[in-house]
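Peer 1: Here are the chains, one letter per residue:
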Amino acid sequence: MRASLLLSIFLHALVLAAALVSFSAHVPPNMAQPVAVDILSPSQFAQVKAGKPDVAREKAAERAPPAAQPANVIPTAAELKPAETVSQKQAALPPSKPKATPPSENESRVEKPSPPKPDVAAQAAPKPAAAPAALKRAEAPKPRSDKPKQEQRARAESQPEKRPEPTPQSRNEADRIADLIGKPTPSTQGRSEFDPKQIAALLNRDPTAGQRPQQDGPREPWRKPASLQEQAIGAAPEEREREAAGEPSGRDSRIGASDIDAFRVQISRCWTPPVGGLGGDAIIVKLRIMLNQDGTLNRPPEVANSHNSPFFRPAADSAMRAVFQCQPYRMPPDKYGQWRDMLLNFDPSRMYGG
Amino acid sequence: MTIPHQHCAHCLSHRRFPRNGLALFVVPEARRAIRDPIAHRRALSRPIGPGSLAGATRNMLLSAWLGRILSALLLAVCFLTASPAHAVMEIDITQGNIRPIPIAVAPFLAGTPQSAGLADAITGIVAADLERSGLFKPIDRAAFIERIANLDAPPRFRDWSVINAEALVVGQVNDTGGGQIKAQFRLWDVYSGRELKSEAFSAAPDQWRRIGHIIADAIYERLTGERGYFDSRIAFIEESGPKNKRLKRLAVMDQDGQNLRLVTKGENLVLTPRFSPNNREIVYTSYGGGRPSVIRVDLATGRQDIVGNFPGMTFAPRFSPGGDSIVMSLQQEGASNLFEMDLASRKMRRLTNGQAIDTGPCYSPDGRQIVFESDRSGRQELYVMNADGSGARQITGGDGRYSTPVWSPRGDLIAFTKQIGGQFLIGVIQPDGRGERILTDGYHNEGPSWSPNGRVITFFRESPGEGGGPRLFTIDLTGYNERPLPTSTFASDPSWSPLMK
Numbered sequence: 001m002r003a004s005l006l007l008s009i010f011l012h013a014l015v016l017a018a019a020l021v022s023f024s025a026h027v028p029p030n031m032a033q034p035v036a037v038d039i040l041s042p043s044q045f046a047q048v049k050a051g052k053p054d055v056a057r058e059k060a061a062e063r064a065p066p067a068a069q070p071a072n073v074i075p076t077a078a079e080l081k082p083a084e085t086v087s088q089k090q091a092a093l094p095p096s097k098p099k100a101t102p103p104s105e106n107e108s109r110v111e112k113p114s115p116p117k118p119d120v121a122a123q124a125a126p127k128p129a130a131a132p133a134a135l136k137r138a139e140a141p142k143p144r145s146d147k148p149k150q151e152q153r154a155r156a157e158s159q160p161e162k163r164p165e166p167t168p169q170s171r172n173e174a175d176r177i178a179d180l181i182g183k184p185t186p187s188t189q190g191r192s193e194f195d196p197k198q199i200a201a202l203l204n205r206d207p208t209a210g211q212r213p214q215q216d217g218p219r220e221p222w223r224k225p226a227s228l229q230e231q232a233i234g235a236a237p238e239e240r241e242r243e244a245a246g247e248p249s250g251r252d253s254r255i256g257a258s259d260i261d262a263f264r265v266q267i268s269r270c271w272t273p274p275v276g277g278l279g280g281d282a283i284i285v286k287l288r289i290m291l292n293q294d295g296t297l298n299r300p301p302e303v304a305n306s307h308n309s310p311f312f313r314p315a316a317d318s319a320m321r322a323v324f325q326c327q328p329y330r331m332p333p334d335k336y337g338q339w340r341d342m343l344l345n346f347d348p349s350r351m352y353g354g
Numbered sequence: 001m002t003i004p005h006q007h008c009a010h011c012l013s014h015r016r017f018p019r020n021g022l023a024l025f026v027v028p029e030a031r032r033a034i035r036d037p038i039a040h041r042r043a044l045s046r047p048i049g050p051g052s053l054a055g056a057t058r059n060m061l062l063s064a065w066l067g068r069i070l071s072a073l074l075l076a077v078c079f080l081t082a083s084p085a086h087a088v089m090e091i092d093i094t095q096g097n098i099r100p101i102p103i104a105v106a107p108f109l110a111g112t113p114q115s116a117g118l119a120d121a122i123t124g125i126v127a128a129d130l131e132r133s134g135l136f137k138p139i140d141r142a143a144f145i146e147r148i149a150n151l152d153a154p155p156r157f158r159d160w161s162v163i164n165a166e167a168l169v170v171g172q173v174n175d176t177g178g179g180q181i182k183a184q185f186r187l188w189d190v191y192s193g194r195e196l197k198s199e200a201f202s203a204a205p206d207q208w209r210r211i212g213h214i215i216a217d218a219i220y221e222r223l224t225g226e227r228g229y230f231d232s233r234i235a236f237i238e239e240s241g242p243k244n245k246r247l248k249r250l251a252v253m254d255q256d257g258q259n260l261r262l263v264t265k266g267e268n269l270v271l272t273p274r275f276s277p278n279n280r281e282i283v284y285t286s287y288g289g290g291r292p293s294v295i296r297v298d299l300a301t302g303r304q305d306i307v308g309n310f311p312g313m314t315f316a317p318r319f320s321p322g323g324d325s326i327v328m329s330l331q332q333e334g335a336s337n338l339f340e341m342d343l344a345s346r347k348m349r350r351l352t353n354g355q356a357i358d359t360g361p362c363y364s365p366d367g368r369q370i371v372f373e374s375d376r377s378g379r380q381e382l383y384v385m386n387a388d389g390s391g392a393r394q395i396t397g398g399d400g401r402y403s404t405p406v407w408s409p410r411g412d413l414i415a416f417t418k419q420i421g422g423q424f425l426i427g428v429i430q431p432d433g434r435g436e437r438i439l440t441d442g443y444h445n446e447g448p449s450w451s452p453n454g455r456v457i458t459f460f461r462e463s464p465g466e467g468g469g470p471r472l473f474t475i476d477l478t479g480y481n482e483r484p485l486p487t488s489t490f491a492s493d494p495s496w497s498p499l500m501k
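Sequences listed follow chains A and B, in order.
Residue numbers for the first sequence follow the numbering used here, beginning at 1 and rising by one.
Residue numbers for the second sequence follow the numbering used here, beginning at 1 and rising by one.
So that you can see chain B by itself, here it is in the shape it has in the complex:
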């Protein structure tokens, strides 16, 4: 059989990056509509019933007064000769495989000899991102048969299907002069020969990592239907030095562990960094001179300001989804209660008022509810209340103590740490308290934080012993794809940023 290729040259949509800065604007200039058979939706006709029915009826009428015997005979004849019903056979396929999609990432072409290195590096990032997600299996390029030479010519799909690639990525990196590079890619469906996506980006050469991540995001999104999450960062506490004299510094890196930057120098103990919704700030707790304070740092300028000095201990500050306020817990006389602080006016608003320890507050993505942990029932459990502090209800129960709740950016799940039987587990539960599921277990896991698309959770795992320490890990929602997130030192308290803009 032959399948027509929907080939279209030079019609990639195009994004442009400013030269510098962490916050990049992405402006789609043109988007091509890909001709797609899926768009041709046709109502199904379902032919039914044998055609001989009408004839039979007519005959029966004619012979009505010939007597019962004759008509019965005729009836029998009709039944004998009727053909089986013709119908479109409908079959339910309810079982498939849960396995990564085999994808071939062909080496990106270099428009000029100077861009060869970049092309190679970007290819590597795209393949590595897809692989880490656990949803794709990049095929070893040693197996490739066709050498892609022209981005705009359709590939020889047989060469790719024979090595079991289901999708094929081809791309090109050009040095366009003026300190800009242009990267473009095409994503092909190997079996149907359709082009699934194509895009082009311009950026400063030093943004090459982000270009790779953005291309990987586009591929991920097209093939899974989920938003990507590769173009994002993770803030964490970098821990170095011996166990009794740990140096703890706030650090930020790309989600794949690259591009590490230290934000604080390590003079104070720092804890619980949290990204702001606009990705530009981090709020964290610092214990300088034994006094806890909540500090906000601007990542672009490095400027830090103290959001508040509080008489008692302060824990777990976290931005609201709008970014204009933070929610945290303050300890007063043995009790701990939740407060919201408006960042502009620095006004505090009390959300809970009791003798129990309420802490670890986190907003739902719509900002209407807050999940937190409390021992008001006698044991540490998770509660969800309205953002104004009313209507608190317990969502966990059973054995174990629950802490560090984090609402998924998708809103459908809450991740938590559960302490039970001497273990610390990471799990998820629905906001209504149903569907609790443990994703990972072990000696000590803690501090979950969601990827921007709500499909992956990063957390830290403490290893026991003298030489032990915390390390970062990621695990996806299926519970199967757990990966260490390599850092050069021990690391704890990860906070995943939103997607970069």
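Next comes chain A alone, as it looks inside the complex:
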């Protein structure tokens, strides 16, 4: 008995030792830095990717500032201390992740210098019925009129000095929003963000709506809506939001948010969504793209969804054109494994404030 017990212990110790040796042997040299691990179900994965907050997290955020929470979000390199790493990884284990708390203000700020463009994008309610509420919020003259949820999401740009002042212009924009969000929006994403800059893609020249100079944009067709720079900047706030919603912000082997940003800007520059179906259904096109290491397309993109709207095919074509046109993509070569295969969701609905 004793012998067998000893043998058993010995054998287990052996197995353990072997495991230790073999496991550590498999650690590639560049894995020396710790890495967060998530195990997610596909739906959770999609949720995290979509930046959708979950209820628990939101409630927690409402109750108290998340400053001291053991975040499973990886701190930025500047903040990372060696001692933190192990607990960090444990915190990042399966069950905890989806309920993760948003990153602290500092984190997102350090990572993403706030853009020059003020963002009043409201995380507005998904249903038309709730739209008026969002509207009132936007119209309120107080600078901090946004509701807490929005604040939390847009934390990165919530420094007071960066916030849009309640100038007549912004009020005017709010009026414009009012004009635009009146329409029923069958939002497939269950959320919509109102960015006046983008909403201005549709013009309202009502002289009674406010300041003429604002609305008397260039009469020249197609000039005003979106310069490239605006597009470039316009893409940024969303990324921060996604980070805030728990998306891995990337260190080391994770692809960096700035790289994703740059990629997004690059594609946005080439993308001209068809105006077909303007204000109607939001046609979202999902493209699966495979890239070579040099950033060129490995094969023609595949359309990964379908829709029986007559506007879908032109929408898919426009997305394809964008992907073809903008290659090669500048991505970090050492993280090729993460960007060789991507799914792009082309969603023009927010361009029109729909």
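These are computed hints drawn from the structure, not numbers from a lab.
Certain hints may be false.
[Unchecked claim] Below, in silico cross-link-like pairs of lysine to any residue (SDA-like), each with a Cα-Cα straight-line distance of 20 Å or less:
(1) B:LYS265 <-> B:SER293
(2) B:LYS137 <-> A:CYS270
(3) A:LYS335 <-> B:GLU90
(4) A:LYS335 <-> B:VAL88
(5) A:LYS335 <-> B:ILE91
(6) B:LYS137 <-> A:ARG269
(7) A:LYS335 <-> B:MET89
(8) A:LYS286 <-> B:MET89
(9) B:LYS501 <-> B:ARG410
(10) B:LYS137 <-> A:GLN325
Go by the hints and put chain B onto chain A.
Peer 2: Here is chain B on its own, set in the frame of chain A:
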């Protein structure tokens, strides 16, 4: 990288035009299915989770009775060595450009030397139509590198992408003899090298303008998803002579301002022409001898008949979507009410009954509702009621006076004239009263009318002053693409026809 060209020769679908007449039948004979990667839709697999989880679990079970320390150690080992989750990275692209699509319209080939002129003219129409829509930017042909010589050979796409063309149109016009010409075209996606559309048409040579418009419509439809609107006409009141002695004649022209035809001679004052849904008739108001009458004119034969002589003033007759009745307002003793008249039986049916001024009725495209203007609340506002006159509800409010409502052929919007602060604006509003948006402003804009696809509005703008007068304009729903619609004289009261058939 290389992309295979899906090239297919001689398999254009084909439409045939009868030789004469305004109403043409278009019979698609064959339609080719274009092999399209879009058709290959594949469900995405989303690999998730690190593969080392199972191993870790097994190890944990083995060491369960070795004590907490050991298992904790093992756990730590597993965590240390786990690899990051592999997943297809998903990125949302939510911002694009709002700009016209750069398109190259290569000069159409001429099958015979005689058709060279026609080929050139049709090319010009296609490019001009696309440009006017504001959604396309035809590239100057001086920049073209490849000279298309064969319609059935795939173009050299690099030559076109290098001049920034995103789409390429090639075409050919043949004189097939027997007084017929055949026109065909192919639309290519330059970056992916795919053929997006190809069609062929036969028609009498004098229909060359329509061939150009129909090709432009096909391209527009394929690239935007919207129905085209180029193969359509606009009726309007042509105004000539000095301001105090204006000659007003009913005229019809192509939507691009070409092919002008006068329908009336100008002996009577004519107002508010409206196309019938079948495109063959126009109904308008005429004030001959001070008496208003509603007249219907057959465009093919020129025959005119008086739909009704009414005791009081008559305003704004308009066809129902079925074309079998018209709706209008009649003035009686200071009040104005809406009536519907059955064109076959000439029976009148009263729709509103009150002391207010109800006028400017217009059916919804499904014929179930009518939008009109009324001052029943004390101010001119827009109302929507059921087609039988019941259930009227006000859809506008706030400042300003609203008039001339017109329901979009798509049904989603109502265009109107809004008078406020000394200005006349053209705007749109949803039938439920939400989403009012002003598209254009200025001294005096009036009389909106929708393009057949509900994306563009034509209206007239009055310029002030002694030498001033009304001119036609078009503006699209974004509010950015406003264009004058050139006419040789002053012009007012435009009415856009449905697409020709």
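Peer 1: Each hint needs a verdict: does it hold in this structure or not?
Peer 2: These are the hints, each one checked on the structure:
Annotation: proposed proximity of B:LYS265 to B:SER293 holds, straight-line Cα distance about 16 Å (limit 20 Å). Note on B:LYS137 and A:CYS270: the hinted pairing holds, with a Cα-Cα distance of about 15 Å set against a maximum of 20 Å. Between A:LYS335 and B:GLU90 the alpha-carbon distance is near 15 Å, which keeps this suggested pair within the 20 Å criterion. Our distance criterion of 20 Å between C-alpha atoms is met by A:LYS335 and B:VAL88, whose separation comes to about 13 Å.
Proximity of A:LYS335 to B:ILE91 is assessed by CA-CA distance (about 16 Å); at most 20 Å being required, the pair is judged to hold. A distance of roughly 17 Å separates the Cα atoms of B:LYS137 and A:ARG269; the hinted pair therefore holds under the 20 Å criterion. Simply put, A:LYS335 and B:MET89 have alpha-carbon atoms about 12 Å apart, close enough for the 20 Å limit, and the pair holds. With a C-alpha separation of about 12 Å, the suggested pair A:LYS286 and B:MET89 falls inside the 20 Å cut-off, and the hint holds.
Using a Cα cut-off of 20 Å, the hinted pair B:LYS501 and B:ARG410 holds, with the two alpha carbons roughly 18 Å apart. Distance hint between B:LYS137 and A:GLN325 is fulfilled; the C-alpha atoms sit about 17 Å from each other, no more than 20 Å.
Figure legend: structure checked against the earlier numbered hints; every hint is met.
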